[in-house]
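K.L.:
Below, each chain spelled out in residue letters.
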Amino acid sequence: VRLVESGGGLVQPGGSLRLTCTASGFNFNVFAMAWVRQAPGRGLEWVSSLGDPATQMHYADSVRGRFTVSRDNSRNTLSLQMDSLKVEDTAIYYCAKDMVAFNGVFDAFDVWGHGTMVTVSA
Amino acid sequence: ELILTQSPVTLSLSPGGRATLSCRASQRVTDNYLAWYQQKPGQAPRLLISAASIRATGIPDRFTASGSGTDFTLTISRLEPEDSALYYCHQYGTSPPFAFGGGTKVEIK
Numbered sequence: 095v096r097l098v099e100s101g102g103g104l105v106q107p108g109g110s111l112r113l114t115c116t117a118s119g120f121n122f123n124v125f126a127m128a129w130v131r132q133a134p135g136r137g138l139e140w141v142s143s144l145g146d147p148a149t150q151m152h153y154a155d156s157v158r159g160r161f162t163v164s165r166d167n168s169r170n171t172l173s174l175q176m177d178s179l180k181v182e183d184t185a186i187y188y189c190a191k192d193m194v195a196f197n198g199v200f201d202a203f204d205v206w207g208h209g210t211m212v213t214v215s216a
Numbered sequence: 033e034l035i036l037t038q039s040p041v042t043l044s045l046s047p048g049g050r051a052t053l054s055c056r057a058s059q060r061v062t063d064n065y066l067a068w069y070q071q072k073p074g075q076a077p078r079l080l081i082s083a084a085s086i087r088a089t090g091i092p093d094r095f096t097a098s099g100s101g102t103d104f105t106l107t108i109s110r111l112e113p114e115d116s117a118l119y120y121c122h123q124y125g126t127s128p129p130f131a132f133g134g135g136t137k138v139e140i141k
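Here the protein sequences line up with chains A and B, keeping their order.
Following the working numbering from start to finish, the first sequence increments by one per residue and tops out at 216.
Following the working numbering from start to finish, the second sequence increments by one per residue and tops out at 141.
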């Protein structure tokens, strides 16, 4: 079971970036997925969760209206489109898998990727 | 919005000792949807406990957890140097935001 994030990098304030998480080793279709971030030297912050079907999505207040989560079950990928980026969005972004197959209830995260760094700076 | 407060912020203990970490919620955690994670420097978090008290696969029985409602505890017995890490509690379930606590740093010296 593996999650690999990609797409991080340096972007100016107000810019956009798209992160992708590629999953392997499990039936991606049936699990909710999430993005969690960690600013340098800070704690974990939940960003977004997406169930399946992808009509159940939730966002932290800090990103709602700027970030959009989506999934492509045919490619086993989870994406996070980040627009109107702010300096405070600078963080390592982790992709995480729910422990139990989605049944309307989001679960604890039993598998994590290694993360991708996003730096928002002028 | 549910807020999780962890205490203490830092815990310094000796090998062989016992660590007791607290996680307090600002409102009742539905159905004990409370998890604990361990994070070591430069690594992704690792799931230790789900549903307030159920150890994840491969987690040694030195890690035990309990609690319900608003008060939850993670206990690490027979401390080993490798237990030095940050520990986070996390609320999940049906009521977003799925917040994390601020973390407790455990130092084993």
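Please keep in mind that the hints were generated in silico from the structure rather than gathered at the bench.
Just to be clear, a hint being listed does not mean it is correct.
Take a look, some chain A residues computed to stay more than 10 Å from chain B by CB distance [as the list claims (entries may be wrong)]: (1) Val124; (2) Asp166; (3) Asn170; (4) Asp177; (5) Glu182; (6) Val214.
With beta-carbon atoms standing in for the labels, derived distance ranges [unchecked claim]: (7) A:Gly119 x B:Lys72: 34 to 42 Å; (8) A:His208 x B:Ser100: 40 to 48 Å; (9) B:Thr126 x A:Thr162: 19 to 27 Å; (10) A:Leu104 x B:Asp93: 38 to 46 Å; (11) A:Gly109 x B:Lys141: 26 to 34 Å; (12) B:Pro47 x A:Gly135: 20 to 28 Å; (13) A:Ser178 x B:Arg50: 46 to 54 Å; (14) B:Val41 x A:Gln175: 17 to 25 Å; (15) A:Arg158 x B:Gly90: 44 to 52 Å; (16) A:Lys180 x B:Gln59: 27 to 35 Å; (17) B:Pro113 x A:Asp155: 16 to 24 Å; (18) B:Thr89 x A:Ser110: 37 to 45 Å; (19) B:Gly74 x A:Ser168: 28 to 36 Å; (20) A:Gly135 x B:Ile91: 22 to 30 Å.
Every residue gets a Cβ at the ideal spot worked out from N, C-alpha and C, and that includes glycine.
K.L.:
Hints first: check each against the structure and report whether it holds.
P.N.:
Hint check:
no.: 1; hint: Val124; result: holds, 17 Å
no.: 2; hint: Asp166; result: holds, 23 Å
no.: 3; hint: Asn170; result: holds, 19 Å
no.: 4; hint: Asp177; result: holds, 20 Å
no.: 5; hint: Glu182; result: holds, 16 Å
no.: 6; hint: Val214; result: holds, 21 Å
no.: 7; hint: A:Gly119 x B:Lys72: 34 to 42 Å; result: violated, 23 Å
no.: 8; hint: A:His208 x B:Ser100: 40 to 48 Å; result: violated, 34 Å
no.: 9; hint: B:Thr126 x A:Thr162: 19 to 27 Å; result: holds, 22 Å
no.: 10; hint: A:Leu104 x B:Asp93: 38 to 46 Å; result: holds, 45 Å
no.: 11; hint: A:Gly109 x B:Lys141: 26 to 34 Å; result: violated, 44 Å
no.: 12; hint: B:Pro47 x A:Gly135: 20 to 28 Å; result: holds, 27 Å
no.: 13; hint: A:Ser178 x B:Arg50: 46 to 54 Å; result: holds, 47 Å
no.: 14; hint: B:Val41 x A:Gln175: 17 to 25 Å; result: violated, 35 Å
no.: 15; hint: A:Arg158 x B:Gly90: 44 to 52 Å; result: violated, 35 Å
no.: 16; hint: A:Lys180 x B:Gln59: 27 to 35 Å; result: holds, 29 Å
no.: 17; hint: B:Pro113 x A:Asp155: 16 to 24 Å; result: violated, 39 Å
no.: 18; hint: B:Thr89 x A:Ser110: 37 to 45 Å; result: holds, 38 Å
no.: 19; hint: B:Gly74 x A:Ser168: 28 to 36 Å; result: holds, 34 Å
no.: 20; hint: A:Gly135 x B:Ile91: 22 to 30 Å; result: holds, 27 Å
Checked against the numbered hints given earlier, this structure breaks hints 7, 8, 11, 14, 15 and 17; the rest are met.
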